[in-house]
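Please construct the entire structure, taking both the sequences and the accompanying hints into account.
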Amino acid sequence: MIEARGLARTFTGKHGTVEAVRGVDLSVASGEVVGFLGPNGAGKTTTLRMLTTLLAPTAGTATVAGRDLRADPAGVRRRIGYVAQGGGTDPSVPAREELELQARLYGVTGADARIDELARRLELDGDGLLRRPSAAMSGGQRRRLDIALGLVHRPPLLFLDEPTTGLDPQSRGNLWEHIRRLRDRDGTTVFLTTHYLDEADALCDRILIIDQGQIVAEGSPAELKRRVSGDVVTVELGASGASPAQVADRARTALAGHPAVREAVVLNGSLRLTVDDGERSLMGLIRALDEAGVELAALRMARPTLDDVFLTVTGRSLRDAA
Amino acid sequence: MEAAVEAAAGRDGLVRTLRDTRLIFLRYVRQALRNKVGVVFGLVQPLLYLVLFGPLLSKVGGVQGAGGGNTWRAFVPGILVQLALFGAGFVGFGLIADLRSGVVERLRVTPVSRLALLLGRVLRDTLMLVVQAVMLLAASVALGLRAPLWGIVVGLVFVALLALSIASLSYVLAMVTRVEDAFAPLLSTVTLPLMLLSGIILPMSMAPGWLDAVSRFTPFRYVVDAARAAFRGDFSSAPVLEGAGVTVALAVVSVALGAHRFRKENA
Chain A
1 MIEARGLART FTGKHGTVEA VRGVDLSVAS GEVVGFLGPN GAGKTTTLRM LTTLLAPTAG
61 TATVAGRDLR ADPAGVRRRI GYVAQGGGTD PSVPAREELE LQARLYGVTG ADARIDELAR
121 RLELDGDGLL RRPSAAMSGG QRRRLDIALG LVHRPPLLFL DEPTTGLDPQ SRGNLWEHIR
181 RLRDRDGTTV FLTTHYLDEA DALCDRILII DQGQIVAEGS PAELKRRVSG DVVTVELGAS
241 GASPAQVADR ARTALAGHPA VREAVVLNGS LRLTVDDGER SLMGLIRALD EAGVELAALR
301 MARPTLDDVF LTVTGRSLRD AA
Chain B
1 MEAAVEAAAG RDGLVRTLRD TRLIFLRYVR QALRNKVGVV FGLVQPLLYL VLFGPLLSKV
61 GGVQGAGGGN TWRAFVPGIL VQLALFGAGF VGFGLIADLR SGVVERLRVT PVSRLALLLG
121 RVLRDTLMLV VQAVMLLAAS VALGLRAPLW GIVVGLVFVA LLALSIASLS YVLAMVTRVE
181 DAFAPLLSTV TLPLMLLSGI ILPMSMAPGW LDAVSRFTPF RYVVDAARAA FRGDFSSAPV
241 LEGAGVTVAL AVVSVALGAH RFRKENA
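Chains A and B are the protein sequences, given in the same order. Here the numbering used here is used: the first residue of the first sequence is 1, the next is one more, and so on. Here the numbering used here is used: the first residue of the second sequence is 1, the next is one more, and so on.
Some hints could be false.
[Claimed, not checked] If you want a taste of the chain A side facing chain B, the calculated C-beta under 10 Å gives, among others: (1) T52; (2) R77; (3) Y82; (4) Q85; (5) D90; (6) P91; (7) E97; (8) L105; (9) V313.
[To be verified] Partial list, derived from the structure: chain A residues whose beta carbon lies under 10 Å from chain B: (10) G87; (11) G88; (12) L101; (13) D146; (14) Q214.
In case anyone wonders, no lab produced these hints; they're calculated from the structure. No experiment lies behind these values; they were computed from the predicted model shown. Built from N, CA and C at the ideal position, the CB exists for glycine as well.
Here you go:
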């Protein structure tokens, strides 16, 4: 459904050149829900804007929904839906008018029936809701209206830019349900960006991790987590006497040779260890630290999360990067 | 064969542009109708000029070129041009609001004709301005304007073309600046000298030589002079022909600039 090679975009502004996206290769198969995960400023939106014809790439090629991005942007537009991060409705225009205009611009036949169908499916059919302007809707309703606008012409491919940013937890869960149904019922391919790990985890068949304009890892959530083999043990160090950095260093040296430890990183004054079979090796780790005279403040063990994946791949925490 | 395909594509493109222009036009007409107060308030300032300043001019009487007996004939065309300049000048704010709400981007992802996104808006603005101008003319007649009907109609055509040009240019400026904070000062910096140099209040024929010369470089001067001549009924006079030439040229250049900007990617 999407096939991109070496897609890049450079912005030239007052403050010099910024390489927002530097050579992105990606393939999305029909019927997949693919998440583009990365911190703010990683190049997610820029890539999305290129794939949706809003921004010309400075380099690279792409086929989107069977049409060449450069040679036939109009063909791409007819076959895709796009929901921007901030939505795209005039706050004063009644929702139904927005949907009607959108349907006419796409040349949808039977527009009224299609709008009613979408309203039913996206729970926008209650209580004269479509007669209201988007300013008089809740955040969740407005978001579903944005999605309805993107779906009016039954596109085989839908792009969602940060679909749940700013929504309350309940609306998020509800929106996830709707996105899953899009794929399950209509076979719509969904390409979404997010900087929420739980969202990528809950929603996506496959995740592409982007950082500083490049894709640094990809796979299903389970595959990616498997890359962080073992469990993650975080050791918070007591800081009596020596400086925290010295203590952390001493702790790392003490554990580097331990057979269960695969990786040891110092992060924000605590030590993050990737260990095999965490539950069993924990006692040995504590003993080794004790022997090295390192004081412990707290100890945590967790199964790997996507944040750990991000950390492993980029050396930074997604939360810090965002 | 290829030529035939291209011709068919061209015809489809034209049909699509016309159809989309109509859709965009109707969207923004509905928006204007939701905001009738705005249409009326746009008229307040020119009406104030008419009521509070117009009577002063009739005292000045036969000022040069003011059209002899009926000073309203010289004054009203100026006020109409002022209405076009300020009324259509401000339409860019609407585009900035649409840029901010994401409407522009949403429409650009659809296969809508890029030219229609401009023309639909600009035609709505022109229609609104003509409605306001007719209301202003009715008020002027009530106050004492006497002019041949055809003269008034020709004057209205000038004002409509002017509004079309100014609205296009206003959208170009709004696209370039993208935020109100930059657009507003730029707009007033551009419109004020244009208004003063066009001889809206008093004919430029009264100006000292240097000022008259400078004003000849601004297009509105010709439009005002042409509308005045039309109100006097001199349809074939030099000012009307000059004015027609300048107005049409201005409209072509402005719409071309606007079309270029709207077609440009990431605009």
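To see whether the hints hold, each was checked on the structure:
1. A cut of 10 Å between beta carbons decides the hint on A:T52: the least distance to chain B is about 6 Å, and the hint holds.
2. About 5 Å separates the beta-carbon of A:R77 from the nearest beta-carbon of chain B, less than 10 Å, and the hint is met.
3. With a least beta-carbon distance of about 4 Å to chain B, the hint placing A:Y82 at the interface is held under the 10 Å criterion.
4. Proximity of A:Q85 to chain B holds as hinted, the smallest CB-CB distance being about 8 Å (cut-off 10 Å).
5. Look at A:D90: its Cβ gets to within about 5 Å of chain B, closer than 10 Å, so that hint holds up.
6. The interface hint given for A:P91 is met, as the beta carbon of that residue sits about 6 Å from the closest beta carbon of chain B, less than 10 Å.
7. Annotation: A:E97 was flagged as interfacial toward chain B, and the flag holds, the nearest CB pair being 7 Å apart, inside 10 Å.
8. Because the beta carbon of A:L105 sits about 5 Å from the nearest beta carbon in chain B, less than 10 Å, this interface hint is met.
9. With a cut of 10 Å, the hint placing A:V313 at the interface with chain B is violated, because the nearest CB-to-CB distance is about 31 Å.
10. Hint status for A:G87 relative to chain B: holds, with the closest Cβ pair at about 5 Å, below 10 Å.
11. A distance limit of 10 Å between C-beta atoms decides the matter here; for A:G88 the minimum to chain B is near 3 Å, and the interface restraint holds.
12. Residue-level restraint check for A:L101 holds (minimum Cβ-Cβ distance to chain B is 6 Å; threshold 10 Å).
13. With its C-beta approaching chain B no nearer than about 8 Å, A:D146 sits inside the 10 Å limit, and its interface hint holds.
14. Because the closest C-beta pair between A:Q214 and chain B is about 22 Å apart, greater than 10 Å, the hint is violated.
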